[in-house]
Amino acid sequence: MKELMTGNEAVARGAWEAGVTVASAYPGTPSTEILENIAHYQEIYGEWAPNEKVALEVAIGGSIAGARSLASMKHVGLNVAADPLFTNAYTGIRGGLVIITADDPGMHSSQNEQDNRNYAKFAKIPMLEPSDSQEAKDFFIEAIKISEEFDTPVILRMTTRVCHSKGLVELGERELIPIKEYKKEINKYVATPANAKVMRVKLEERLKNLAEYSERTPLNRVEWGDKKIGIIISGVSYQYAKEVFGDKASYFKLGFSYPLPLDKIKAFASEVEELYVVEELDPFIEEQLKAAGIQCIGKEKIPLIGELNPAIIAQSLTGEIKSSIDCDMDNVVPRPPTMCSGCPHRGLFYVLGKKSRDIIITGDIGCYTLASADPLRAMDTCICMGASISAGHGVQKAFEKNNVDKKVFAVIGDSTFFHSGITGLMNIVYNKGNATTIILDNRITGMTGHQENPGTGYTLKGEKTNMIDIAKLCEGIGVKKIKTINPLNLEETAEAIEEAMDVTEPMVIIAKWPCALKRLWPEEKELYGNTRSKLYVNEDRCSGCKACIRTGCPSIAFINGKAHIDDSMCVGCAVCQQVCRFGAIQRQGGEGQ
Amino acid sequence: MTNVKNVFIVGVGGQGIILAGKVFSAGLVGAGYDVKMSEVHGMSQRGGNVTTQVRFGDKVYSPIIGKGEAHLILALEKMEALRWAEYLKPDGKIVLNDFAVPSAPILSGKAIYPENIVDSFKGKTDILIVKANDIAEELGNLKVTNMVMVGAMIKALDLSHIDWDEIIRREVKEKFIDINILALKRGMEAI
Ligand SMILES: Cc1ncc(C[n+]2csc(CCOP(=O)(O)OP(=O)(O)O)c2C)c(N)n1
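So the sequences go chain by chain: A and B. Residues in the first sequence are numbered from 1 upward in steps of one, following this note's numbering. Residues in the second sequence are numbered from 1 upward in steps of one, following this note's numbering.
Be careful, since some hints might not be right.
Here are some chain A residues pointing at chain B (derived, C-beta under 7 angstroms) [to be verified]:
no.: 1; residue: Ser165
no.: 2; residue: Asp226
no.: 3; residue: Lys242
no.: 4; residue: Ile325
no.: 5; residue: Pro554
The set of hints was computed from the structure by calculation and includes no laboratory data. Note that CB positions come from ideal geometry on N, CA and C, so glycine has one too.
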């Protein structure tokens, strides 16, 4: 039977068919749906871990226990998980272990465009690169087998277009794989220097064996067409090139792209007139070919930045430019994403933004990063998950040492706080910092599409679980000043921020209100579910001052000199009402509704 | 490859583009085509633009297309048609919902919504205009605007022979099946 599936659905299906029983991940576009789909398979234990390092370590544990296991993450997640990755390459595995990294060429929803193929070479781990959904499933299953045959973790490297494109997939059955018997193998799994020195030698031997495997595996295949042009290619780029050249070129399709089958490539190169390497992002294949003395054309023609598509490949290699219709696009207005109507982040950043002149706001990654854009512009930095608190501490210490009088606020989402904010906060407590941390607790991991996290009280599979209390956690690590506020109440928010301006010790403000799009659990409905009626603008009172517009609410438009609230979008959060000095914004049916 | 058709569906978060793409591609799979589909919707819930590309034919390789390669652009919003127009083939078609959703800079009075979008396409390409929001409103549920547009697209692509009612029954929540079937039909009649 064939089914139309995304690459992510296909990976989950592959994991099920391969007999995986342990899967752990932290969400991140474009990888998130892998675990969301794993959640549907009863036979697999699947979980959201607080971060990628934890996820990979859980999968390593599963593997050492003897079960087929996986961890999945977005490209930057592998930076977080890099520590276990490198040493797991030394120890090897017991049950097959596959690490899925989903890269994001073109940065559709990421802060950088790193090419994680480099990790395979760096950590000396074999890598497979599927080019469509069918291969995503098949290659996952192959990867598990390679992992067990060679006693190594395997990287399955996906990209946005493989993850999020749908193609037809032939479904198979689940293989029933019993867990391997557990044995104590201290020399293998305890990476002390003495043991690691032995493993280190084995690692190089294994890599040699893998290079030989790379020469003979059908994952690496030649497709002969016209021999004037030879193209070496992997991942989704293969599909693009096939589209452009069809059989007017010959292809060396790499499914197993590290270590490279250099002999087989040499033989291919000698048969074609011109040899191209077509790869997205870094010259990963090209540099290895050139180092091996294989002449080829790569990044001289193919862009280094951004994602490829068939038209770009055609233009780069043949100079052909597709024409289109001739339209005047100058007056097309951008459509930037905005915080949603009723988003609890809005109130907090509106108030914080008012203090811009006296404070530095170190930010973090999540929906709230939208606060850096117009009209709020209430964020000074965003580096990586967790950096708000630690970098904020650095800013504060630098100011203190150099007599600069500015207060530092670090703002971080709940999921991000659990991910890697806690350690930064410990640092502030330990090193006597006085940056104030604001935890935007919207009761969900919003940005990536609403995943549960350690603070929400529910698991990946929607089961009720222990709920980690952020306030108690902060108290436990020694923060004495902790205030919980409703960020949609601007007065309460302003009060907490005023108080923080003068404190000389670590302080945490927990801005707690659920994401406006969150489907509330029954017990949350009691706490937050009081639907309030929508607001409207009494035009007689509206002075056209635009104060409400400056909250950046997508429900409010400025039309003919007056504010106007879109009835179909307003959720009645009343932030706009609180900023209006003319009492022009009123509740439908009167206050109290 | 020569018989592969490229369709680019564009619009704004909340307009039901994902479901439109799903219904459309399910119909194509049922009719025996090889199909690939690609979505970009990271910011869809936050008012950003949403696009879905569907490619179908005997054998499809790439899930995405480049500029100048779409046979048809289905635009659920006017300005989005203009934003993505350079993806259209010179002899392609635009099926356009005559409906505007202002973006944030327009709402705040910093920019103005482009005027005369529909007229600006005339004479440059084959453009079919549907008042899908009006039709959906008449049917009693604005949410089916997407299915009105899918109906129009099906007609424009000559795919009316596929049993779309059956597909809708499979892909849409039970209580919305009838109205979606109706919407699709009205869309087919609208052009
Ligand atoms: C290392 C890493 N992992 C994952 C991501 C993807 N990601 C971006 S923001 C985010 C979560 C944000 O959730 P939260 O902190 O609760 O803020 P919200 O979006 O709900 O406001 C995730 C998982 C990332 N950018 N970096």
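Hints versus structure:
| no. | hint | result |
| --- | --- | --- |
| 1 | Ser165 | 3 angstroms, holds |
| 2 | Asp226 | 15 angstroms, violated |
| 3 | Lys242 | 4 angstroms, holds |
| 4 | Ile325 | 5 angstroms, holds |
| 5 | Pro554 | 5 angstroms, holds |
In this structure, only the earlier hint numbered 2 is contradicted, and the remaining ones agree with it.
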